[in-house]
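Asks: Below are the chains, spelled out letter by letter.
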Amino acid sequence: MKKLNKSTQKLITTLAVIVVLYIVMSIMDGTGNLSSLMSGLLVPVCAYSLVAVGLNLCVGYLGELSLGHAGFMCVGAFTSAFFSKLFQDSIPDVPRFILALVIGTLMAALFGFLIAIPVLRLSGDYLAIVTLAFGEIIKNVINVLYVGVDSNGLHFSIKDQMSLGMEPTGKMLVNGAQGITGTPRQSTFTIAVLLLIIALIVTHNFVNSRTGRAVKAIRDNQIAAETVGLPVTKYKLVAFTISAAIAGVGGVLYAHNINSLTATTNNFGYNMSIMILVYVVLGGIGNFSGSVIAAVVLTMLPEMLRGLSTYRMLIYSIVLIVLMLFNWAPAILKWREEHGITTAAIVGKFKKTKEVR
Amino acid sequence: MKKRMLSLALCGAMVATMFAGCGDNSASTGSSENVDTSGELTWKIGGIGPTTGGAAQYGQGVMNAIQIAVDEVNAAGGINGYQVAFNFQDDEADPQKAVNAYNTLKDWGMQILEGTVTSGACAAVSAETYNDRIFQVTPSASSTSVTEGHDNTFQICFSDPNQGTVSADYIAENGLGNKIGIIYDSSDPYSTGVYQNFATEAANVGLEIVATEAFTADSKTDFTTQLQKCKDAEADLLFLPFYYTEGSIVLTQANKMGYEPTMFGVDGFDGLLGVENFDVSLAEGVYLLTPFAADAEDEATQSFVSKYEEQYGGTPNQFAADAYDGIYILKEALESANLTPEASNEEICEALIAAIQEVNYDGLTGEGMTWNAAGEVSKSPKAVIIQDGGYVSVQ
Amino acid sequence: MGFLTYLVNGLSLGSVYALIALGYTMVYGIAKMLNFAHGDVIMIGAYVVFMCMSNSGMPAVVSIVISIVCCTALGMIIEKIAYKPLRKATNLAVLITAIGVSYFLQNMALMIFGSNPVSFTSVINWEGLSFADGALKITGNAIVTIITCVVIMIVLMWFVKNTKPGQAMRAVSEDKDAAVLMGINVNATISLTFAIGSGLAAIAGALLCSSYPSLTPYTGSMPGIKAFTAAVFGGIGSIPGALVGGLLLGIIEILARAYISSQLADAIVFAVLIIVLLVKPTGILGKQIKEKV
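First to last, the protein sequences are chains X, R and P. UniProt numbering numbers the first residue of the first sequence as 1 and each following residue consecutively. UniProt numbering numbers the first residue of the second sequence as 1 and each following residue consecutively. UniProt numbering numbers the first residue of the third sequence as 1 and each following residue consecutively.
Looking at chain X on its own, in the form it has when it is part of the complex (with noise of 0.2 Å):
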């Protein structure tokens, strides 16, 4: 048997932790001992680790800074809830949340795919101002677009409601700045777990496929790329349009896990595009597993300083700061292999305490 490579185990390392975690997770949920907080944060910390490792794609392979992935998640999960709102009746709750699902990926994908088009054109913080117009042209259609149906069908406005001309009996499946009130609740921590799992999978052949490889190369020297006749536009598209997919999904898991979806600009607006950012850079630029685990401790942390009130989000500030400069201020960096406070030695003392535990 072929030796596997060392990203293969690394993969197949942080899967194993991902299902122990899981597993864990559900038999405390299970028994009760898992305190409400946590059980209701589970899914929403899959949904933003997917839209990470879909940056992460993004940024880390495609080197390409985008500022606009919380769009790809607004269209997903904008898509899905609407899709979901409106057969609500018709179809079977299983067969509709794997339609919505699909619907809101495609979605995302074709919404990264035109917008990938002329967007890879350019370069840098251009590309970077782009995606994030992009994502804020989304969000503010979103809050002004209104969708009713009624016996004659969908009737659709961007002014407001009484335009639509509905049936007194008609049902408002998006209504603008109030949203989506009402979508299905789906999302389960096995659904989100198994989606998570899957986009690592598939992230991870990506990276090392044959298109994969022609994405680095890319990255690292376009030029020459291009002079030893890669397609370079195609396979950027290519790269975005997937890194815009992983985002879609990770909304099609949010919309389906709340009752009320509406785009404001911290859910869905240019403040959630640089939250994910932060998730990318602090877990590693190019290191999917590490997306996922700064996902998670940067969702959890501010909900563990509640217990401070007030100085909440001023701790939590400062610990940001902090963490960066723990992690990439190259004095720290040399300071700490002086010392010996290398992450290794972090983690070994930790699993010591814990066994004692």
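Be a bit skeptical, because a hint or two may be false.
Derived pair list, reagent style DSBU-like, types lysine-lysine, alpha-carbon separation capped at 30 Å [unchecked claim]:
#1 R:179 x X:159
#2 P:137 x R:179
#3 P:176 x P:84
#4 X:216 x X:6
#5 X:234 x P:280
#6 P:137 x R:256
#7 X:334 x P:161
#8 X:6 x P:88
#9 X:171 x X:159
#10 P:287 x X:334
#11 R:379 x X:171
#12 R:307 x R:379
#13 P:164 x X:334
#14 P:287 x X:216
#15 P:164 x P:32
#16 P:280 x X:216
#17 X:334 x P:137
#18 P:137 x X:10
#19 X:334 x P:32
#20 P:280 x P:161
#21 P:287 x X:234
#22 P:176 x X:216
#23 X:216 x P:161
#24 X:216 x P:32
A few chain X positions that, by computed beta-carbon distances, are all more than 10 Å from chain R [stated by the list, open to error]:
#25 113
#26 114
#27 207
#28 210
#29 214
#30 261
Worth flagging that the hints you see were computed from the coordinates, not collected in a lab. The beta-carbon is built from N, C-alpha and C at its ideal position, and this holds for glycine as well.
Add chains R and P to chain X, keeping to what the hints say.
Replies: This is chains R and P only, laid out in the frame that chain X set:
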């Protein structure tokens, strides 16, 4: 290598946070009794609202007001002889964070929820309380999506349809304006909700809407264009269903333009006069809907306002007053249902759903308030006009 | 006449964006980092002016000077603690730290100044100009902001071109390593850039809040993002580009709101931005960087 180290460090942190979470859990929800340090049973009332983020001023007002009410109730012997414990959690006005805050409160052992402050977040939380059968009153989330289909959720403020309709009727009856211009926040559920109901009712009562302009949370500094378009359409009354933070800018900019229509705000405008350093002469003649005036003469209001100013600084607005009333309404309902904290959440919820519909309460924000099964309060929005830096009710 | 009014409104909004964008572009051009905390420094600057003017009754000019001093100090402290240690790390790491600083400043302001909005007294007591019997008004705020903007732009361009520290900045921006070889103190130069950028933020804060007088701890964040957009629009790193980008962004925003749809104005602004960048991928006045082979 660095990346690997990094991921391991974060992994350690993750496990640590998870254990921390579990630790919290066993301490707070392990027992079904609600025991505080003195070993006695208490009522556990939770609150949710934004105390950080762009809507922080509304959430903090509510939090402070509930604290005042809880302290008063406790000093007077509690509810049915039991003291009240109060815990307020931040949601940054975000639905997902609100659900997280709600779960935190559940772990704390919350029996009754007073929150959340904003409509979007409240719709997400009321679905949760409905499933968990926890009784909920909201001081200020006025959207119908909060109460629709949730029999356990009651509003202390007026609902969006209520405000929009009353405003249109009031304007039509009193002939305040012939040509109506509207400016609203198209990215805010509350603002669009009121606007749509207003526009619907305006058509019924024959008001002519000549301009409908919007702004969003991302561009809420410059209103000159919206005002100019209303001016060009010769609107003589502006309907402004949004909050006072933006309201103060609109008034300033209209004044600079030399545009002086009748301004008609809804309940979000309450608090305008409390904005530090605001030139109140700009607000002269502004109509707004509020059941509460901080300078009212009655003893209850004055005691509340002076306590608020003393403890937290600033003038409480209507949301704070609604929140303050909320605690007393809960007290009255709990007393009439004769409940004790020993009851399960579900028992409390079912009993309160029945009891609150029997309550007839006189508070800071209205007299003879009653609730229907849909969760709406009976108090009808009253228009007041700002004169000489104070509210004057006009009837 | 309607069009002219909108144009003037657009100019006054745009001049505020331009003023903020100058700070962005200054820091970006030299330190090559997106300082996402710039908007929040502006907010702090505005609060300082507010405290001095309205609470202590100082004259406007003195208040602004105090605010400039405070913001410059703040900018240098932030740079020293949060950005300097990461100078040799990847650009993205600094970007994330800047976001952390942004959260920190917002929450700090929330603790100190509270969440209630305060109404900012305009630092300019001039009614402005009025044409055609008052049908067309240009407010004093708008005129002062535009003039300030142009003056700052010219001073900055002169500074960067003709003074020693300015030349050092240009050298650092071209090539840090080569600059070191030329005997330039790169760290000091970048710190100076932050000091200037933050000082500008104080002026921007005072003028932003004079035009749009509601001040909260979150006042700076959205204009910050818009100004960042404006800086990119004009060609990030280019000083005149920031002015052009800011003014154009303001005008497009107002005209879109006036003539197309006030609900979709944000979307239209960003759509125009995307189109412009597709036609001119480095912004309106941005330098075309030749790729090294």
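Asks: Now tell me, hint by hint, if it's right for this structure.
Replies: Against the structure, the hints:
{"no.": "1", "hint": "R:179 x X:159", "verdict": "holds (20 Å)"}
{"no.": "2", "hint": "P:137 x R:179", "verdict": "holds (24 Å)"}
{"no.": "3", "hint": "P:176 x P:84", "verdict": "holds (14 Å)"}
{"no.": "4", "hint": "X:216 x X:6", "verdict": "holds (17 Å)"}
{"no.": "5", "hint": "X:234 x P:280", "verdict": "holds (22 Å)"}
{"no.": "6", "hint": "P:137 x R:256", "verdict": "holds (9 Å)"}
{"no.": "7", "hint": "X:334 x P:161", "verdict": "violated (38 Å)"}
{"no.": "8", "hint": "X:6 x P:88", "verdict": "holds (28 Å)"}
{"no.": "9", "hint": "X:171 x X:159", "verdict": "holds (17 Å)"}
{"no.": "10", "hint": "P:287 x X:334", "verdict": "violated (37 Å)"}
{"no.": "11", "hint": "R:379 x X:171", "verdict": "holds (29 Å)"}
{"no.": "12", "hint": "R:307 x R:379", "verdict": "holds (25 Å)"}
{"no.": "13", "hint": "P:164 x X:334", "verdict": "violated (34 Å)"}
{"no.": "14", "hint": "P:287 x X:216", "verdict": "holds (27 Å)"}
{"no.": "15", "hint": "P:164 x P:32", "verdict": "holds (20 Å)"}
{"no.": "16", "hint": "P:280 x X:216", "verdict": "holds (27 Å)"}
{"no.": "17", "hint": "X:334 x P:137", "verdict": "violated (61 Å)"}
{"no.": "18", "hint": "P:137 x X:10", "verdict": "violated (67 Å)"}
{"no.": "19", "hint": "X:334 x P:32", "verdict": "holds (24 Å)"}
{"no.": "20", "hint": "P:280 x P:161", "verdict": "holds (26 Å)"}
{"no.": "21", "hint": "P:287 x X:234", "verdict": "holds (27 Å)"}
{"no.": "22", "hint": "P:176 x X:216", "verdict": "holds (27 Å)"}
{"no.": "23", "hint": "X:216 x P:161", "verdict": "violated (40 Å)"}
{"no.": "24", "hint": "X:216 x P:32", "verdict": "holds (24 Å)"}
{"no.": "25", "hint": "113", "verdict": "holds (26 Å)"}
{"no.": "26", "hint": "114", "verdict": "holds (23 Å)"}
{"no.": "27", "hint": "207", "verdict": "holds (14 Å)"}
{"no.": "28", "hint": "210", "verdict": "holds (24 Å)"}
{"no.": "29", "hint": "214", "verdict": "holds (22 Å)"}
{"no.": "30", "hint": "261", "verdict": "violated (8 Å)"}
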